[in-house]
Amino acid sequence: MKMQRARGAARVEIGRAGLRDLSQSGCAKAMLPRVDGPDPEVVFLNTSGGVTGGDILAYECKIGADARVTASTQTAERTYRAASGEGRIDVRLTVGAGARLDWLPQETILFEGSATRRDTVVDLAEDATVLLVESAILGRAAMGERTQAATLSDRRTIRRAGRLIHEEHFHLDPEALAHPHALAGAQAVASLILIGPGAEDAHSRLRDLPDFAAASAWDGRLVVRMAHATAAPLRRALIGAIVALRGAPMPRVWQAER
Numbered sequence: 008m009k010m011q012r013a014r015g016a017a018r019v020e021i022g023r024a025g026l027r028d029l030s031q032s033g034c035a036k037a038m039l040p041r042v043d044g045p046d047p048e049v050v051f052l053n054t055s056g057g058v059t060g061g062d063i064l065a066y067e068c069k070i071g072a073d074a075r076v077t078a079s080t081q082t083a084e085r086t087y088r089a090a091s092g093e094g095r096i097d098v099r100l101t102v103g104a105g106a107r108l109d110w111l112p113q114e115t116i117l118f119e120g121s122a123t124r125r126d127t128v129v130d131l132a133e134d135a136t137v138l139l140v141e142s143a144i145l146g147r148a149a150m151g152e153r154t155q156a157a158t159l160s161d162r163r164t165i166r167r168a169g170r171l172i173h174e175e176h177f178h179l180d181p182e183a184l185a186h187p188h189a190l191a192g193a194q195a196v197a198s199l200i201l202i203g204p205g206a207e208d209a210h211s212r213l214r215d216l217p218d219f220a221a222a223s224a225w226d227g228r229l230v231v232r233m234a235h236a237t238a239a240p241l242r243r244a245l246i247g248a249i250v251a252l253r254g255a256p257m258p259r260v261w262q263a264e265r
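Position 108 of the sequence shown, counting from 1, maps to 115 under this note's numbering, and the rest follow consecutively.
A couple of the hints might just be wrong.
To be verified - Listed next, with one range per pair, are the computed distances between beta-carbon atoms:
id, residue 1, residue 2, range
1, Gly254, Ala185, 38 to 46 angstroms
2, Ala24, Arg147, 38 to 46 angstroms
3, Gly254, Asp218, 19 to 27 angstroms
4, Gly254, Pro181, 35 to 43 angstroms
5, Asp73, Gly192, 43 to 51 angstroms
6, His176, Ala255, 28 to 36 angstroms
7, Asp73, Ala251, 22 to 30 angstroms
8, Asp73, Ala185, 48 to 56 angstroms
9, Arg162, Pro217, 22 to 30 angstroms
10, Arg162, Arg14, 14 to 22 angstroms
11, Gly205, Arg147, 36 to 44 angstroms
12, Ser32, Asp218, 38 to 46 angstroms
13, Arg162, Ala251, 25 to 33 angstroms
14, Gly169, Gly92, 30 to 38 angstroms
By construction, these hints were calculated from the structure, which means they are not laboratory data.
Quick reminder that beta carbons are idealized off the backbone N, C-alpha and C, glycines included.
When you get a sec, could you build the whole thing from the sequences and use the hints?
Here it is in structure tokens:
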């Protein structure tokens with residue numbers, strides 16, 4: 008019997024004056040919560056409760072000229088055992104002239120037997136800025152879980168004025184996880200990328216990084232990598248780095264999540 012799979016798409020467009028367009032279908036939703044500051048926040052959520060084989064989610068956020076927006080997810084995304092095929096998460100981010108988008112989704116938790124492909128594509132105007140975070144956790148340590156067989160294909164592509172300027176592909180599979188030195192024993196990993204005017208100078212704000220994190224700055228970008236044996240210390244360090252680079256607190260959904 009063929010099982011019904013989850014489908015969802017949510018798209019938000021915001022300019023300096025506020026919301027321009029919002030559309031959503033299926034299990035993907037987008038909300039604009041009330042915030043204290045002048046810059047809007049977008050919260051994407053998957054009402055199906057997780058991603059498994061055959062599911063397709065699409066999130067899109069378009070930022071107009073000179074706007075500043077923070078986008079996040081309501082909670083950690085959970086990827087469940089896949090009976091067949093892979094779950095897909097497609098993210099499209101467009102940032103206009105002089106604008107800034109902080110794309111801050113919460114963790115992806117990889118459960119045993121899951122198979123997920125995530126593609127994040129960012130299109131920047133010549134002087135736009137993006138702060139991009141992705142993090143993954145292998146199972147739930149607090150529940151005694153340790154993921155040993157899961158697949159994650161996580162690709163990030165960033166273009167400026169149509170030119171490819173940054174691309175990376177993080178791939179995990181059961182063979183890699185079975186290797187005794189895979190991830191150096193880490194169960195939680197994260198990447199943080201800042202691209203835009205002044206990105207290299209922002210390296211000086213990260214002098215207090217812990218020993219399980221490292222940062223490099225070159226050619227108009229700043230890249231931070233983190234890996235830790237457990238999720239909680241990595242999350243704390245990641246939040247500290249994001250706050251330092253944003254010069255602003257985390258979105259409320261991050262503050263509520265533990």
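Now for the hints, and whether the structure bears them out:
1. In this structure, Gly254 and Ala185 meet the distance hint of 38 to 46 angstroms, their C-beta atoms being roughly 42 angstroms apart.
2. Against the hinted window of 38 to 46 angstroms, the Cβ-Cβ separation of Ala24 and Arg147 comes to about 42 angstroms, which satisfies the hint.
3. Here the CB-CB span from Gly254 to Asp218 is close to 25 angstroms, well matched to the stated 19 to 27 angstroms.
4. A hinted range of 35 to 43 angstroms for the beta carbons of Gly254 and Pro181 is consistent with their spacing of about 41 angstroms.
5. Separated by about 45 angstroms at the C-beta atoms, Asp73 and Gly192 satisfy the suggested range of 43 to 51 angstroms.
6. The beta-carbon spacing between His176 and Ala255, approximately 30 angstroms, falls within the hinted interval of 28 to 36 angstroms.
7. For Asp73 and Ala251, the hinted distance range of 22 to 30 angstroms is satisfied, since their beta carbons lie about 24 angstroms from each other.
8. The hinted window of 48 to 56 angstroms between Asp73 and Ala185 holds, with their beta carbons roughly 49 angstroms apart.
9. Checked against the hint of 22 to 30 angstroms, the C-beta distance between Arg162 and Pro217 comes to roughly 27 angstroms, which is consistent with it.
10. A beta carbon spacing of about 21 angstroms between Arg162 and Arg14 agrees with the range 14 to 22 angstroms that was offered as a hint.
11. The beta-carbon spacing between Gly205 and Arg147, approximately 38 angstroms, falls within the hinted interval of 36 to 44 angstroms.
12. Take Ser32 and Asp218: their Cβ atoms lie about 45 angstroms apart, and the range 38 to 46 angstroms holds.
13. A hinted range of 25 to 33 angstroms holds for the C-beta pair Arg162 and Ala251, which are about 27 angstroms apart.
14. Taking the beta carbon of each, Gly169 and Gly92 are about 33 angstroms apart, inside 30 to 38 angstroms as hinted.
Violated hints for the displayed structure: none, as all numbered hints are satisfied.
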